Each structure stands twice: as structure tokens, then as C-alpha cells.
Amino acid sequence: MRRILASCLATLSLAACAPGTTGAGGGEQQVDDKTLTYLYFTDGPDEQATRSLIADYEKKSGVKVDLQVVPFDNLEQRLQARLSGGNAPDVARLADIAPFRGDLLDLNKFQKAALDGQFVDGAKSYITGANGELLAVPSDLTMNGPLVNVDQFKKAGVALPDVTKPWKWDEMVAAAQKVQKANNTQYALAMDVSGHRFSTMLSQFGTAFFTADGTAVGLDQQKATAAVKRFADLNASGAMPADLWLQAGTKYKAANEIFLAQQTPVYISGNWQVSAFSKDATFTWAAAPNPCQETCGGFPGGKFMVSFEQSKRQQAAADFIAYMNSKESQERLAKEANFLPTRKDLISSGVDYPQRDADMKVFLADVSRTPPTAFASTYSPAFAASAKAAVDELSKVLAEQETPEQAVEAIRAAAEKALKDTK
Amino acid sequence: MSAAHRRRAKPWNQRLAPYLFVLPNMLIFGLFVVYPAINNFNISLYDSRNGRDFTYVGGANYQELFGSDDFWSAARATVVFAVCFVVLTTVLSVALALLLNRRIKGRGFFRTVFFLPVVLSPVVVGLIWGWIFERGNGLLNTMLGRAGLGQPGWLVDGGLAMAVVIFVGLWMHIGFYILIILAGLQGIDPAYYEAATMDGATRWQQLRGITLPLLRPTTMVVVILSLIAGFQAFDYIWTLTGGGPIGATTLMVQYIYENAFQSPIRYGLAAAASVVLFVTVFALTLLNFLYGRRREAA
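Here the protein sequences come in this chain order: A and B. According to our numbering, the stretch in the first sequence is residues 265 to 687, in order. According to our numbering, the stretch in the second sequence is residues 134 to 431, in order.
Please note that the accuracy of each hint is not assured.
[What the hints assert, rightly or not] A few chain B residues that face chain A, going by a derived Cβ cut-off under 8 Å, partial list only:
1. Arg182
2. Leu225
3. Ala228
4. Val246
5. Arg268
6. Gly269
7. Gln284
8. Leu288
9. Arg349
10. Gly377
11. Pro378
12. Phe394
13. Pro397
These are calculated hints, taken from the structure and not from any lab test. None of these values were measured; they are calculated from a predicted model. Virtual Cβ for every residue (Gly too), placed ideally from N, Cα, C.
Please model the complete structure; the sequences and the hints are all you need to start from.
Structural data, given as C-alpha cells:
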């Protein structure tokens, strides 16, 4: 017993030291060794297009780019560890810049003319620092929206909506159920297990987690409850696969397998599926416009390119980011990977996609219909925690453990806490 | 010259040699187990969202933990899982080891069958059983449906999901515990059974009077090891249920993992939960150990 007590005392005395040490901060000694490290995660089709752009950049600039492809899982934790060790990459591709805001390089110091004010306005507050610094460049935009099984719609004799005249939620559900009946599919609609995807529905029902300026929680109790009720009813009736949400636990789960197995005629996902489905789908499919309710449009997302104060090659990093996000490079990436551009000039001029052009145009059309609150929500540093809470609460509604009203209250409380935590 | 004096008189290099032999192992153990464990306790007193900036918060993480519904839900699920797992593991491993210790036909085959899941990757185990237990298109429900027995929501009903998780845990680990009990059984001197048979003791009396009492130290090992495994369960549950439905199978290690490695990162909170888990397992193991020693002494 005395030995145990002694061990405990030794543990406590050792624990008195402060944990961890912060890695090197800003003001790094700069080097010009014509190399760059680029920490990258891939969505699939973009990797080859990125490699091809890098190859051209290497030829043009003489800079050797070390592309370090890592899995998306634990990206945040890996990067934090590298920053702790003073070993940050020169450039990184991120889905969420919020956890790294204090470490990011002001790109305006190096490439203001090429980068400042060139990208989609909705992301501006997210990528701008407290003193006007340009902390990140939105490198690609995603847009949520429905994908439909055209063969099944044809067989059921149901017409698809025109891109310029989106359907209403009631019309989409009625059409999906008619197609389900005609084709004897398991479900009428399926949605990925994701708070991001459910945010599409919230937005269409006229509300969002946060206000347009992103400074406060903007969830409207009545409108959010209507969205949750609709979602719950669709699952309870069997039109949507409730099991998918309940079986997923706390993990993200896509419903793409259900769509590819032709067990649902409508799949609410996003433009990143276009490239994958063009290879994997054994039937005719198409992107359909997002349904309208109170508002139209989908829900945005995207990735960002950043550099770090720790980088010893800040000028080269900013130059590389400027090259990768120039009009020509973004257009090339968009065409090869079926991505949506983030540059304002490309959004207004449009991109002609060599493959699945019509589908990509459907998503692009929805970008302009999407309300500012949707952009503010997706680019809020509190979005990830709020979206996670939404999945938890929706699952409770599906399991009949709480009412839609209670779920909305809980989501609102979680969004408020998340926003408070980020301040 | 006394024996103790002769030992002391050994040359310094001979006295040092044993310590040098264990040094590499102790260094690795210290670096990768002892130091992180101590540092973990330390981190639990700080708030950190990025692993670099630490703000001293004293006991605030523990306060937040004990006021969190999610923590108590994970704690409850962990206790339910661990108790069921330990009891069933102990009873089944003893029962199956007794059967496999007899001279039955195909004994080697059965031993292999029970041990095989131990060498499988837990992630693979979780995925395979996930496909089997899926409600709509799972193997089990397809068979039950054809037999007219309905399609239970194995992974979508909280109670059933916990039962599935316990079952899969047993399936995966039982072979290892059977092996320990078998080793214990083979260590029992056959002379006891011969004497008991000559005295006219039945098999049941031999089991109660000889086998189980002499197996107690081995059973204690099984209880302690399964208790630790029960409290540490994570990998196969993560792939099987993801902690769902609605947190019904989210055990403590998953709660720690989610706070430490998933956005938004809360290192301090995760470290505090790890300390609570460590103290619980340590206390239970100690109690078990002391109880076992008292029984032996009695």
C-alpha cells in the first residue's frame, strides 16, 4: 500500500509541470531553396488534376512541390501535431480553417493583387482575419443537391423539373414516391447522415444555424421545427431510410450505395458525387435542381488553401496558392474533377465541363439561388459542432425519444454553445 | 562470510548486468506508457483545443465531465457492457474450456474454431457482423424473414444493439480466455481426481470440490483481463455501430476518442475522462486482487 501511495505522489509531483510546448511561431527565417511541401487530402477525382497542375507549376517556376497526400480522417489532429512540432507544411488543403486561424499566413502580404476580393463573397468573413488579413483561399466550392435516377423516372412516367423552374418540396416528394411505387424501390428519397446535408433542408425551409453576418444563432424555431417534422415524417413513413441514420452512430455515412443499388430514385447529396457516379452508376442519372420551400438553392461547402506563419517559404507558398487559384488553374481543375469554381469571374462566366456539363450547370445555377445565411452558416467556425448536434438530435427524433420541437431547442442550444466556444 | 555479504561482494559489472538487460524495455515502457499516462493526468487540468495552447483550468474539466449527459450515458453503457462481458466471458470460458479439455472427437478443430476470431482484425469483425445484423438486407434478418420470424432492428434498437455488441465482443475474445482456462485446467494434478474417484465422488462433486477451487487463481486472471478489455472496448464497436443508435453503445473509450480526435477537439476533457476510466479500472482491479488474496488466505 505504501508503494502505491508513493507512486501516486510521484505521479502528482511530475504532473505539476505544464503540458506540451508550443512550436515555433511566426517570424520564421525564410529560405529560398525552390521546394514546397503541400499537405493534401483528396476527394477522389481532384488528385490527378492537382498533380497535373503541380507538374506544370514545377516546370514553370522551377519549384519542386512535395505533395503529401493524407487521409481526411484526423487531418485536423495531424496538422495540429505538426504545428506543435514546428513542422508545419508550407501549404495545406483544409475543409475547416477555424481551428488554425491563429497560425495562418496573411496571403495579402504576398499576393494581394492576385487573390484579394477574387473569390465568392459568402466566404469573405470566414477567410478574413480580424485586421483584414487574407487567411485562406476558397479553392473549390461544393453545392448540395438531389441526384435522380432518370431511368426510374422515365419508367414511372414522371417528368423531371426544369433547371430554371425548381420544384417544391411537396412536388419532389410526390414525384419520388410515385417513382418508388412504379419501380418497387425500397425508398423514395435518401439523404447522407450529415448535419451539413440536413442544413440544406433547413435553408430551404427558410432558416439556418447562424445569421447572415455569422455573429449570432439564427435558427428560427417555427421554420426549423417544420423542417425537422418533415424529415421525421418522411423517415417514419418509410419514404426515407431511417435505419441509415440510426445505424450510423456518430459517424458520417453516405447513402450513395442505396442510390447506386437503385433502391432510391432521389438521393440528396452534392456535386462531388458527379465524378464518382459517372464511373460507378450502371443506369442513367442526372442532377436535379434543389427543391424550394420558403427559399430555393442548396447548401454550400468547400475546401481552402492556406499557408502558415511557421512556413520558411512564405513567398513561394503564396505564389503557389495564387497559381493554383488563378482563373486558368481553377477552370482546369473544375473541368477535370467536376468541381465548382470559387472565383467570381468563373462563376459569372460559367465553366463548360467536358463531362456531365448539364449536371454541373444545375449545381452552378443553385449557387446563385442559395441565400447568404447558408454561406454564413457553412463558413461559421461553429458549424461543425452545430451540425454534429443536429445529427444527434435528429436521430433522437427518429427513435421517438424526443419531439421535433425539443430537437430544435437542443440544436439551438448546441449552436449557441459552439458559437460561444469559438469567441 | 554470510551469503548476503557474498552477494554484496559481486563485481559491479555483474550487479549492473540484469538492469542493463531490462533497460531497453523499461525505456520504451517509460517513454510510451508511463510518461504519457502522467502527462495525461496533467493535461486533464488544462483546456486545449489544439494541443499547443494550454490554459490551466484546475478541476473545471472534471466539473464539466460530471455535469455532462453524454459522459454519464457513456459511463452507464460502459458499466452495462463491462459487467455483462466479464460475467459471460468468465462463465462461458470456464464452461467451454471444461468441454474442450475432455477427450472429445475433433477437439483440435473446436479449439481452433474458438481461437480463430482472436486473430482477426477488430475492424473487420465489426464490419462483418454489421452486414450480418443489418435490419433491411442483413444475412440474419434475411434468414429470419424467410422463416417468418420478422426483422428485428438489431442495430437500430438501443437494447438490441448493446446485446449485439456484447455478443460480438464475446465471439471475438472468448478463444483467448478459453486458452488461459485450459492452461489452468492442465495445471491441476490428476492425482486429485484419481483420489476423488476412489472416494466415490461424482463428476459434479469433482467440479465443485476440485476443479473450480483450484482454477480460482486462473479465473481471477480471466476476470481481471476481461474487466480491463471490457472497459477498453472500442475498435470493433466503432465499425459495428459507431456508438449508435443515439449513443446506446457509445462506451467510455469512444467518448474519449471523439473528444480528443474529432472536431471540436477537447484534449483536456478527453484527458479527464481518461483519468476517470483509469481510476475506475485500477480500483476495480485492486479490489479484485485484494479479494482474491483474502480468499486464498482463508
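Verification of the supplied hints:
Annotation: interface hint on B:Arg182 holds; nearest CB of chain A at approximately 7 Å, less than 8 Å. The beta carbon of B:Leu225 is not positioned within 8 Å of any beta carbon in chain A (closest approach about 27 Å), and the interface hint is therefore violated. Below 8 Å, beta-carbon pairs count as interface contacts, and B:Ala228 has none with chain A, the closest being about 32 Å; its hint is therefore violated. Here the hint on B:Val246 is broken, as its CB sits about 29 Å from the closest CB of chain A, past 8 Å.
Residue-level restraint check for B:Arg268 holds (minimum Cβ-Cβ distance to chain A is 5 Å; threshold 8 Å). At a threshold of 8 Å, the smallest CB-CB gap from B:Gly269 to chain A is about 6 Å, leaving the interface hint in force. Annotation: B:Gln284 was flagged as interfacial toward chain A, and the flag is violated, the nearest CB pair being 10 Å apart, outside 8 Å. Interface hint at B:Leu288: satisfied, since its Cβ lies 5 Å from the closest Cβ of chain A, which is below the 8 Å cut-off.
Because the beta carbon of B:Arg349 sits about 23 Å from the nearest beta carbon in chain A, more than 8 Å, this interface hint is broken. Hint on B:Gly377 holds. Least Cβ distance to chain A is approximately 3 Å, under the 8 Å limit. Checking B:Pro378 against chain A: minimum C-beta separation of about 4 Å stays under 8 Å; hint holds. With a least beta-carbon distance of about 5 Å to chain A, the hint placing B:Phe394 at the interface is held under the 8 Å criterion.
With its C-beta approaching chain A no nearer than about 5 Å, B:Pro397 sits inside the 8 Å limit, and its interface hint holds.
In terms of the numbered hints stated before, the structure departs from hints 2, 3, 4, 7 and 9, listed from lowest to highest.
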